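Asker: Here's the letter readout for the chains.
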Amino acid sequence: MTTLDVEATGTQVLTPAVAIIGAGPSGLRAAAELAPRVNGEVLVLERESVAGGIPRHSDHLGYGIRDRHAFLTGPRYAQLLRDEAAAAGARILTNAMVTGWAGDRSLAVTSPEGRIQVDAQAVILATGARERPRPARLIPGDRGRGVYTTGHLQNLVHLKHGRVGKKAVVVGAELVSWSAVMTLQHVGCRTVLMTTEYPKADSYAAFTGPGRVMFRTKVATRTRVVRILGRPDVTGVEVEHLDTGERRTIECDTVILTGDWIPDNELARAAGLPIDPVSKSPLVDTALRTGRPGVFAIGNVLHPVDTADVAALDGAAVAEHVVAYLAGQLPGDAQGSLTAERPFRWVSPSLWSATAPAPPRDRLLLWSEEFVAFPTVVVRQNGKEVARKRTPWPAAPGRVFRVPASIVEGIDWTAGPVTIGMAERR
Amino acid sequence: MSTTAQPYDVVVIGAGIVGSAIARTLAGYRLRVALLDARDDVGEGTSKANTAILHTGFDASPGTLESRLVHEGYHLLAAYAQETGIPVERTGALLVAWDEEQRDALPGLQAKAEKNGYHECRIVDADEVYAQVPHLGPGALAGLTVPDESIICTWTTNFALATDAVQRGAELLLERYVQSVDITDQTTTLHTSRGDVTARWVINAAGLGGDIIDGLFGYDRFTITPRRGELLVYDKQARQLVDKIVLPVPTARGKGVLVSPTIYGNVMLGPTAEDITDKTNTGTTEKGFEFLLGKGQQLMPELLEEEVTATYAGLRAASSHPDYLIEADRERRYVVVGGVRSTGLTSGMAVAQYVDHLLHETGGLELVERDDVPPPPRMPNIGEAFLRPYQDAARIAADPAYGKIVCFCERVTAGEIRDTFCSPLPPTTVEGLRRRTRAMNGRCQGFFCGAEVGELLKTRGNVPAAASHIQEVSS
Chain F
1 MTTLDVEATG TQVLTPAVAI IGAGPSGLRA AAELAPRVNG EVLVLERESV
51 AGGIPRHSDH LGYGIRDRHA FLTGPRYAQL LRDEAAAAGA RILTNAMVTG
101 WAGDRSLAVT SPEGRIQVDA QAVILATGAR ERPRPARLIP GDRGRGVYTT
151 GHLQNLVHLK HGRVGKKAVV VGAELVSWSA VMTLQHVGCR TVLMTTEYPK
201 ADSYAAFTGP GRVMFRTKVA TRTRVVRILG RPDVTGVEVE HLDTGERRTI
251 ECDTVILTGD WIPDNELARA AGLPIDPVSK SPLVDTALRT GRPGVFAIGN
301 VLHPVDTADV AALDGAAVAE HVVAYLAGQL PGDAQGSLTA ERPFRWVSPS
351 LWSATAPAPP RDRLLLWSEE FVAFPTVVVR QNGKEVARKR TPWPAAPGRV
401 FRVPASIVEG IDWTAGPVTI GMAERR
Chain P
1 MSTTAQPYDV VVIGAGIVGS AIARTLAGYR LRVALLDARD DVGEGTSKAN
51 TAILHTGFDA SPGTLESRLV HEGYHLLAAY AQETGIPVER TGALLVAWDE
101 EQRDALPGLQ AKAEKNGYHE CRIVDADEVY AQVPHLGPGA LAGLTVPDES
151 IICTWTTNFA LATDAVQRGA ELLLERYVQS VDITDQTTTL HTSRGDVTAR
201 WVINAAGLGG DIIDGLFGYD RFTITPRRGE LLVYDKQARQ LVDKIVLPVP
251 TARGKGVLVS PTIYGNVMLG PTAEDITDKT NTGTTEKGFE FLLGKGQQLM
301 PELLEEEVTA TYAGLRAASS HPDYLIEADR ERRYVVVGGV RSTGLTSGMA
351 VAQYVDHLLH ETGGLELVER DDVPPPPRMP NIGEAFLRPY QDAARIAADP
401 AYGKIVCFCE RVTAGEIRDT FCSPLPPTTV EGLRRRTRAM NGRCQGFFCG
451 AEVGELLKTR GNVPAAASHI QEVSS
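Same order as they appear, the protein sequences are chains F and P. Under the working numbering, the residue at position 49 of the first sequence is numbered 49, and the numbers go up by one with no gaps. Under the working numbering, the residue at position 273 of the second sequence is numbered 273, and the numbers go up by one with no gaps.
Since the hints were made in silico from the structure, they are not lab data. Among the clues, some could well be false.
Unchecked claim - Here's a subset of chain F near chain P, in silico, CB distances under 7 Å, partners left out: (1) Thr11; (2) Val13; (3) Leu14; (4) Asn95; (5) Gly100; (6) Ser111; (7) Arg115; (8) Arg130; (9) Thr149; (10) Asn155; (11) Lys160; (12) His161.
Please read these numbers as outputs of a predicted model, since none were measured by experiment. In this text, a Cβ means the ideal position worked out from N, Cα and C, and glycines have one as well.
Put together the whole structure using the sequences plus the hints.
Answerer: This is the structure:
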C-alpha cells in the first residue's frame with residue numbers, strides 16, 4: 001500500500017513542522033498551543049467533514065469543566081476548540097484522511113483535493129477511541145436492524161436528525177450510557193432497560209439515582225445480553241443474570257451498545273509502535289512520546305476513554321514536549337514500565353524514567369474493573385510494596401480513575417518491574 | 001407489473017450466483033428471459049454468505065457432475081473475473097494434518113486431486129507447513145499444498161453475473177416468492193407473492209428452496225436441509241498472520257473449520273456445520289461462537305487476540321442427493337438445478353453452460369445467438385489487493401468524490417457510493433449498499449459512518465455540494 005501511495009501520480013507534498021492526526025478536543029487543543037510556538041506550520045488532518053470530534057454530536061451539557069472551567073454543550077465546546085486552533089494560526093484540513101505512512105514522520109493522505117503526502121518534523125496521533133460494536137462483543141442472534149453504538153446513535157440523531165425505534169435496551173450503565181439514554185429520549189425512544197455486568201451501575205451516583213427517576217429506566221446489574229432477536233428488525237434481547245444464570249427476554253426494537261472502548265489505533269499499529277496489550281493503545285512515556293522518535297500520542301487513543309476536557313489537556317501538555325523535540329532537546333529514554341494489576345485494567349502513561357517529566361495534569365490514569373468506594377492504591381516493585389496512597393474518590397468501572405503521579409516519585413525504574421494495584425481489602 | 005401479458009421464453013427462479021449465471025447465458029440468445037427471486041436483492045440467499053473461495057475442485061468426489069463442473073467453473077470464473085474486474089487473489093491453500101490419522105489421509109487426498117484433474121498438490125512436512133504459515137498453532141504434523149485455491153469476492157461475482165444478464169436484456173423480478181405453479185400446453189404460470197409470471201420454460205435454480213419448487217412441478221426426488229455455517233471475521237490488522245487458506249483434513253462430518261484471508265483484507269475463521277430446519281434462520285449462536293473460538297485457539301491462537309469485525313451465518317443447500325441434480329424435463333419445459341451446495345460459487349458459470357447443453361439437447365427452445373450481445377460489465381473493485389479509488393490520484397483529480405472517504409474503516413468514498421446508485425442493479429437497502437461497496441463493513445460497524453451512509457442511501461448517493469468540498473479553517 002505504501003508503494004502505491006508514494007508512486008501515485010499527482011501527489012502534492014506538504015511540509016508542516018507538526019502534523020496532528022485528528023481534530024477532536026486533544027488534537028485541536030494541541031494545535032492551538034503549538035501554532036504560536038513552532039517555526040513552521042501546524043497542520044491538523046481530520047477525516048470528518050467538520051472538525052471537533054465526538055463532542056460535535058453529543059448535544060448535551062457537561063463539556064469544558066476541567067480545561068475551560070465552563071459548562072458547555074458538546075457542539076459549543078467543539079466550536080470553541082475549532083475557533084481557537086484556527087485563531088492561533090493552525091491549519092485544519094477536513095475530509096482529509098491519513099490512510100498510511102509514507103516514512104517515519106511522513107503521512108499518506110486522501111482528500112477531495114487529491115492524494116497528499118505530508119512530510120512533518122513531528123507527528124501527533126490524536127485519533128481517539130470508539131465503542132466496540134456488536135461483532136467485537138460476540139453477541140449472537142439474528143442480524144436485525146436497530147442495533148447501534150452510542151456514536152452511531154448520536155450521529156444519526158444530532159447530525160442527521162434521524163430517528164430510531166420506540167423501546168430501547170441500553171447495554172452498559174456508565175456515563176456514555178446515560179448520554180445515550182438522553183439522546184434516545186430526545187427522539188421519543190424510551191429506554192426500557194439498561195444492563196451492566198457489574199454489581200452496581202457505574203456512573204456517578206449523583207447521576208444514576210436521578211437518572212433512573214428522570215428517565216424511568218431500570219438498571220439490571222450483573223446482567224449480560226446473550227442474544228439479539230428479530231429479523232429484519234430487532235424485536236427483543238435475551239439477557240442472562242450472571243450469578244443465577246436465569247434468562248429472560250426483553251421486548252425492544254432498538255439496542256444501544258455503549259462503552260467498551262477501543263482506541264482507534266490503526267495508524268499506531270501500522271507504524272509498528274509498541275501497543276499496550278490490554279487497552280490496545282500505543283505505549284507512551286510521560287512526555288507522551290511513542291516508540292518512534294518525533295511521533296507523539298495524546299487524548300483518548302491513550303486512555304480509552306476519558307472525558308473530552310482531559311483529552312484536551314493532553315493536547316496542552318504535549319505542546320512543550322513537541323517544542324523541545326523540535327529544538328533537539330530530548331528527555332532521557334524510559335528506563336522501566338509501570339504495569340496495571342487487578343482490579344486495574346490499564347495505566348497511562350506506562351513508560352517511566354528517573355528523569356521523566358511530569359505526566360499531563362500530574363496524574364496517572366487507570367481503568368478499574370471493580371467499584372471501590374475508598375480505594376488504597378499500592379505501587380509494588382519486584383512484588384514488594386514501595387508506595388501507597390488512599391484516594392478520597394472512588395474507583396468505578398466505566399470511567400477513568402486518577403491518581404496523583406507523586407505516588408511513583410523516587411522509584412528507581414532500573415531496579416525491577418513496577419506494578420500498580422490496590423491494597424487487599426478486608 | 002403484476003401480470004406479464006407476453007410470456008417470457010424462460011424464467012429462471014433464483015437470482016443467486018447459479019441462477020444469475022444461467023440467466024446471463026440464456027440472455028445471449030434471442031430469448032425473452034426473466035430472472036426472478038423471492039428476496040429484495042440478488043444473492044440474498046446462500047450466495048452472499050459463504051467462505052468465498054474459488055475452488056480448484058481438488059477434493060470433490062471424482063466422477064461426479066459436481067467435480068466436473070467445479071473444475072470447469074474454476075477456469076470459467078477465473079477468466080470472467082479478469083474480464084469484469086471481480087477481485088480474485090490466488091493465495092493457494094494448505095491442508096494441515098494435526099494427527100497421525102490425518103497425516104495418513106494426505107496421500108489419498110493427493111490421489112483424489114489427480115483423479116479430479118488437478119495435479120499440483122504436494123505433500124509437505126511440518127517444517128514446510130510452519131514456513132508457509134508461521135503463526136499456525138503448535139502440533140501440525142504435515143500438510144498438502146493446493147497452490148491454485150483462490151479467494152474471491154462472492155458479492156461482486158453475483159452482481160457481475162446478474163448485471164451482465166440485465167444488460168443482455170433479462171428482466172430482474174425481485175420480491176416474488178413463488179407460491180404455486182400452473183403448467184399448461186404452451187406455458188407455465190408462476191403464481192408469486194407479487195402477481196403471476198408466465199413463461200414457456202422454467203429453470204429452477206432456487207437454491208435452498210429448490211426442493212419446494214421441484215415439488216410444485218410434481219417431483220419428489222430430493223430434499224434440501226439447510227446446513228448453517230457460522231463464521232467470525234477478524235480485523236484487517238490480523239491479515240499479516242495468514243496469507244493463504246488453511247484447511248483441515250476433511251472428515252465424514254464435512255470440510256471442517258478453516259482460517260482464510262478474505263478478499264477485503266480480513267481473516268475469516270469458520271464455518272460451523274449444523275443441520276437446521278428453518279431455511280431463513282441465519283442467526284448466530286453462543287454455541288457456534290464457542291466452538292469457533294475453541295478451534296481458533298488450536299489453529300491460530302494469535303488470531304484470537306485481534307478484534308472481530310463481523311460475525312455471520314450462511315446456509316448451505318445440503319441435498320439428500322449426493323451430487324448436483326441437473327435435469328431437463330422436455331414435457332413440462334422445466335429444468336431443475338438442485339443440490340448445488342457451497343461449490344456453486346465456483347461452478348456457477350459451468351452449471352449455466354451445462355444447462356445450456358441440456359436445452360440444446362432437448363431442442364425445446366430455439367437457441368439463436370444474438371449478434372448484439374453487449375460486453376461484460378466492468379465491476380467496481382472492492383478487493384483490497386488492487387488499486388482502490390481512494391488510492392488513485394488520477395481518479396480523484398478527475399472526480400473529487402473519489403477523494404471523499406465516507407466509510408473510514410473500509411475507505412469507501414462518496415464517489416463509489418454514488419456510482420452504485422447509477423449502476424444497473426442499484427441497492428435498495430443498507431445491506432445491499434454494504435455488499436456493493438463494503439461501506440459499514442469495517443471494524444467500527446457504523447460508529448463513524450453509519451448515519452452518513454444511511455443518509456446517502458436516502459439521497460441515492462447525492463452529496464450536498466458544500467459537504468463535498470474540502471473545508472479549510474485558517475485565520
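Asker: Hints the structure violates: just list their numbers, smallest first.
Answerer: 2, 3, 5, 12
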